[in-house]
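Trainee: Dock chain B against the given chain A, drawing on the hints supplied.
For reference, the chains in residue letters:
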Amino acid sequence: MKARFFFAAALAAALAVAASTASAKPTGSKHALASKITVWLQVDAQSGWPNLVAAANQQFQAKHPGATVDVQYQTWGDHLSKFDATLAGGNTPDVIEMGNTEMTKYMAAGAFANLSSQKGSFPNSKNWLKGLAASGNYNGRTYGVPYYAGSRVVTYRTDLFRKARAKVPTSLGQFTATAKRLKKQNPKRGFSPVYIAGTDWYFAMSFVYDYGGQIAQRKGGKWVGRLESKKARAGLAAYKRFFNAASRASKTGTENRPQPYDVYARGQAASIIGPAWFSCCVGKKYTKATKQFVMPSHAKGKAMPGFLGGSDLAVPAGSNDKSLATDWIRIFTSTASQRGLQAKGNIPNATNLLGNSVNERAAKRSWFVPTAKNWVNVENGNVLRTMLARILTGRASIAEATAWADDNIALTLNQ
Amino acid sequence: MTSSEIPGGTAFAAEAALQPRRRRSFTVARVVRGAAPYLLILPVVVTIAAILGYPLYHLARLSFQKYGLFELIARHGTNVGWANYSSVLHDQVFWHVLIRTIVFTVANVALTMGIGTLIALLLTKVSSVVRVLLTAGLVLAWAMPPVVAVQVWLWMTNYENGVLNYALTTLHVGDYYQHDWYATPFSQLSLTTTLIVWGAIPFIVVTVYAGLSQVPPELVEAAEIDGARPWRVFKDLTVPIVKPIFLVLTSLSIIWDFGVFTQPFLLIDQTRINASNELMGIYLFEEGYLKTDFGRGAAISILMLLIVAALSVFYVRKMVRMGDEAG
Numbered sequence: 021m022k023a024r025f026f027f028a029a030a031l032a033a034a035l036a037v038a039a040s041t042a043s044a045k046p047t048g049s050k051h052a053l054a055s056k057i058t059v060w061l062q063v064d065a066q067s068g069w070p071n072l073v074a075a076a077n078q079q080f081q082a083k084h085p086g087a088t089v090d091v092q093y094q095t096w097g098d099h100l101s102k103f104d105a106t107l108a109g110g111n112t113p114d115v116i117e118m119g120n121t122e123m124t125k126y127m128a129a130g131a132f133a134n135l136s137s138q139k140g141s142f143p144n145s146k147n148w149l150k151g152l153a154a155s156g157n158y159n160g161r162t163y164g165v166p167y168y169a170g171s172r173v174v175t176y177r178t179d180l181f182r183k184a185r186a187k188v189p190t191s192l193g194q195f196t197a198t199a200k201r202l203k204k205q206n207p208k209r210g211f212s213p214v215y216i217a218g219t220d221w222y223f224a225m226s227f228v229y230d231y232g233g234q235i236a237q238r239k240g241g242k243w244v245g246r247l248e249s250k251k252a253r254a255g256l257a258a259y260k261r262f263f264n265a266a267s268r269a270s271k272t273g274t275e276n277r278p279q280p281y282d283v284y285a286r287g288q289a290a291s292i293i294g295p296a297w298f299s300c301c302v303g304k305k306y307t308k309a310t311k312q313f314v315m316p317s318h319a320k321g322k323a324m325p326g327f328l329g330g331s332d333l334a335v336p337a338g339s340n341d342k343s344l345a346t347d348w349i350r351i352f353t354s355t356a357s358q359r360g361l362q363a364k365g366n367i368p369n370a371t372n373l374l375g376n377s378v379n380e381r382a383a384k385r386s387w388f389v390p391t392a393k394n395w396v397n398v399e400n401g402n403v404l405r406t407m408l409a410r411i412l413t414g415r416a417s418i419a420e421a422t423a424w425a426d427d428n429i430a431l432t433l434n435q
Numbered sequence: 102m103t104s105s106e107i108p109g110g111t112a113f114a115a116e117a118a119l120q121p122r123r124r125r126s127f128t129v130a131r132v133v134r135g136a137a138p139y140l141l142i143l144p145v146v147v148t149i150a151a152i153l154g155y156p157l158y159h160l161a162r163l164s165f166q167k168y169g170l171f172e173l174i175a176r177h178g179t180n181v182g183w184a185n186y187s188s189v190l191h192d193q194v195f196w197h198v199l200i201r202t203i204v205f206t207v208a209n210v211a212l213t214m215g216i217g218t219l220i221a222l223l224l225t226k227v228s229s230v231v232r233v234l235l236t237a238g239l240v241l242a243w244a245m246p247p248v249v250a251v252q253v254w255l256w257m258t259n260y261e262n263g264v265l266n267y268a269l270t271t272l273h274v275g276d277y278y279q280h281d282w283y284a285t286p287f288s289q290l291s292l293t294t295t296l297i298v299w300g301a302i303p304f305i306v307v308t309v310y311a312g313l314s315q316v317p318p319e320l321v322e323a324a325e326i327d328g329a330r331p332w333r334v335f336k337d338l339t340v341p342i343v344k345p346i347f348l349v350l351t352s353l354s355i356i357w358d359f360g361v362f363t364q365p366f367l368l369i370d371q372t373r374i375n376a377s378n379e380l381m382g383i384y385l386f387e388e389g390y391l392k393t394d395f396g397r398g399a400a401i402s403i404l405m406l407l408i409v410a411a412l413s414v415f416y417v418r419k420m421v422r423m424g425d426e427a428g
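Chains A and B supply the protein sequences, listed in that same order. Here the first sequence is numbered in the working numbering, starting from 21 and rising by one per residue. Here the second sequence is numbered in the working numbering, starting from 102 and rising by one per residue.
Pairs of lysine to aspartate or glutamate residues, derived as EDC-like cross-links and limited to a Cα-Cα distance of at most 16 angstroms, are as follows: (1) K139(A) to D347(A); (2) K203(A) to D179(A); (3) K208(A) to E261(B); (4) K311(A) to D179(A); (5) K392(B) to D98(A); (6) K344(B) to E426(B); (7) K56(A) to D90(A); (8) K344(B) to D425(B); (9) K392(B) to D104(A).
One-sided excerpt, in silico: chain A residues whose CB lies under 7 angstroms from chain B: (10) L107; (11) A129; (12) G210.
Some chain B residues flagged as far from chain A (calculated, every beta-carbon gap over 12 angstroms): (13) A161; (14) V207; (15) H273; (16) R330; (17) V340; (18) F415.
Simulated from the structure, these hints should not be mistaken for lab results. Please read all numbers here as calculations on a predicted model, not as lab measurements. Note that CB positions come from ideal geometry on N, CA and C, so glycine has one too.
The shape of chain A in the complex, shown without the other chains:
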């Protein structure tokens, strides 16, 4: 009796284990109709300029009757894993938006279709921004079409600044003093004069470059981390001082959870630092009292180098309809569409379209990540984020944290 009970239990357990570990085989979606294209854009487009996407889709459908566009919005955190899964399953999207830091790894692996022969057919291709166009090039071939670029600016509450009798700061020191005054005037706990997430490495590394340092350097064929240098450490010390004076955000939190503009819209921040298109979502209450300025350097009168982020549009090599996909990109990067992006606070992809907005002025002094094939792995491994969290929480001194980071960066980039 006991044996039977026992064996029944064991069998049930074995089935339970099998059931919990077996997973359904995912069905790969094939393009049943050749006239449907799948486009992967980032959620930035969904919240920032959905009307431009809709306009491009309308134009595309008018030009290709019977063709439909399925736009799927992705988040920066997992879109690469999802892309890898589609590469394995053979059902890649037809158009994918890639960050400019992500392109190299995938171009080197042969993930994208070669667009070199059609380069001239893209609008304004002769005047593409050099930095952005370079991110879409590999071994002399063009794989990515520049979509847009963006630098980081400070979005601020004009009413609170006026109350603190603060002008637009022209140096980091001035900005810090303004922040302290704003905190005195708005003593509510949790209110940030400048809301910066602790591990916002895009912003923190600007300090490193501002003080003359850099993240990594190529020496004798190998990558070496350079955050241990005196200049880089001085920059990080300045970042820590500024953070402690100005921000009440989580020291280990990231710059997209919560979204800074959500904190701003709740009235918990006098200013936020991020892409210029943040102005879209500051909430009805403060839209009229919101303006932007360029983040000042520690040197008076200069701009702090801003991270020149940007996106490219590429056609995966496994796409079933490359000509339709390329045409969609052509329509989406038209001059009219670029003007629309510019109006939302982005930098257009061609020099002949540049204006004099805050964003474009900020881009005049910029920095970019080391152009290494494995840079994406450094980002995914959260090396810089962990380093910043340790420095800000005090769990490691700047010297220790940067030494650790340099070792990890060198290890990952040289793999």
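Mentor: Relative to chain A, chain B alone:
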């Protein structure tokens, strides 16, 4: 099993007696009857072999290949022998993660089994109304999908607006205003443990409670009349009877908690994952998927399988031995 439990045992014995005259049919019948148990479990074995064995074979094959992004797109890997295993076993991070995961598993299993057994014992003592309410609450906790549970937990422990910080501060437990629950690896893993134990207890409670019903109440009464204290009753009377269930649940919990991925990955968040708070499942994901080195990920996966097997072999052997003793 004695021959009296085999179906048709007496016919069997009779045929054995007639052996010299019916040799050929005896052999065929014997083979058929001997093969009957195996034929009965053949469908299950084939299904499990297909569902688990085939992917396992491919995984093992992948672990001996170099298979990165380039090979993924080309759909072809290159053979590198033991290089992946060597690289993983020489990686300091792997050993730190292994120790951390073992400690994590021990803590989780101990808490789950301990609290689960206590609640199951409680269920035997309370009135039926309370029992129904308690069981309903447990089943609701059990039925909640892990991803949803994590999201609710994240809202509760939110830095700016979390109810946990608010409650602790208002109740004057301390100043938890804008307390960052995800600041240190210990805090992150403790929260993960709480979430996992919360989700795992209901299963333990329901199963142990079912097992406790096997304990004859007359024996318990007799023991209490003889003057045995509750702990003695539990240790010497309840545990031996419920032991098979404890063994099964412990080995299952070890298997599940060692390879847990969903809760820690979503709760700690990918942007906070680094070498000082990785657990085995997450280390596997980072190395295999985020660094797009599928060969290495497969090697880690096979190593995980061997380690979990080693951790649970003690319990499985005990179960098999108990089965033999009972039979």
